[in-house]
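Colleague: Numbering (my numbering), first residue to last: 92 to 322.
These aren't lab readings, by the way, just hints derived from the structure by calculation. Treat the hints with caution; some may be incorrect.
As the list claims (entries may be wrong) - Computed cross-link-like contacts, BS3-like style, restricted to lysine-lysine with a CA-CA straight-line distance of at most 30 Å: (1) 214 to 140; (2) 300 to 140; (3) 117 to 261; (4) 117 to 213.
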Amino acid sequence: MNFDSEKQLTVFSSEGRLSQCDNALKAASNGSTSVGACSKDGCVLVSFKDTPPLVIKEEYSKIYSVCDTIGCTYSGLQPDFRIQLEIGVRICEDYYDVYGRYPDLDVFVSHFSGEVQEYTIKKGFRPFGTLLIFTGEVNGIPFLYQVDPSGSYQIKEVTAIGKDYNEVEKYVSRRKEMLDDNISNCLESIREYAGREIKVEDVDIGVMKKGVFKVFNKEEVQEIFDSISRH
92 MNFDSEKQLT
102 VFSSEGRLSQ
112 CDNALKAASN
122 GSTSVGACSK
132 DGCVLVSFKD
142 TPPLVIKEEY
152 SKIYSVCDTI
162 GCTYSGLQPD
172 FRIQLEIGVR
182 ICEDYYDVYG
192 RYPDLDVFVS
202 HFSGEVQEYT
212 IKKGFRPFGT
222 LLIFTGEVNG
232 IPFLYQVDPS
242 GSYQIKEVTA
252 IGKDYNEVEK
262 YVSRRKEMLD
272 DNISNCLESI
282 REYAGREIKV
292 EDVDIGVMKK
302 GVFKVFNKEE
312 VQEIFDSISR
322 H
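Turn these sequences into a full structure, and let the hints steer you where they fit.
Modeller: Below you can see the structure in the form of structure tokens.
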């Protein structure tokens, strides 16, 4: 293996691209699928936990609360995501210490994406190999944001990341309704494109409703499975 100490990872190619960001995006896109959908009455995140057979899935999570009012999920490299989650929690806590409340989602994502972008230009660092979906509220209205390894972000009504993201996003977009229907549709999209039978322990579900983000426990996820089976 040859190491080129003179190679600059933060220099644009002749095509105007940063190869490290492209590679990070590929790593993120190879991760297990996560999907989100937003409506007037709330947002839902559903994530597929595609783990090796010997992993205890109950101890493994793919949806997290950044603070009481912001939730997130990811696809890609779990170690990278842990660092990003710590960054997000720190931003929320610092904001709370100053203003006595947690930031609206747009303010949070603006600060968060700025820190993520710094990893694409600092010497000795590399971009995070993750794609992220955040949910929260802006002036009382639910929103979804997607953040990529370069620090770019966009507002989405429906978004999917990871394997088969394009098909999953189209599946949910065609069926987009209010929150309760979106929960079922997002779960159905995971089941449709997972490539195998999906059980309760294979998915995480989180819901943003009335200004509060909640990650469903196993019993609540089971209720969603049962509701789909009845229909």
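Colleague: Hinted pair, alpha-carbon criterion (30 Å max): residue 300, residue 140. Please report holds or violated.
Modeller: Distance of about 23 Å is within 30 Å: holds.
Colleague: Given the hint that residue 117 pairs with residue 213, does the C-alpha gap stay at or below 30 Å?
Modeller: 21 Å, holds
Colleague: With a cut-off of 30 Å on the C-alpha distance, tell me whether residue 214 and residue 140 pass.
Modeller: Violated, at roughly 33 Å.
Colleague: Holds or violated: residue 117 and residue 261, Cα atoms, limit 30 Å.
Modeller: OK: residue 117 and residue 261 at ~20 Å, within 30 Å.
Consistency note: the structure conflicts with earlier hint 1 alone.
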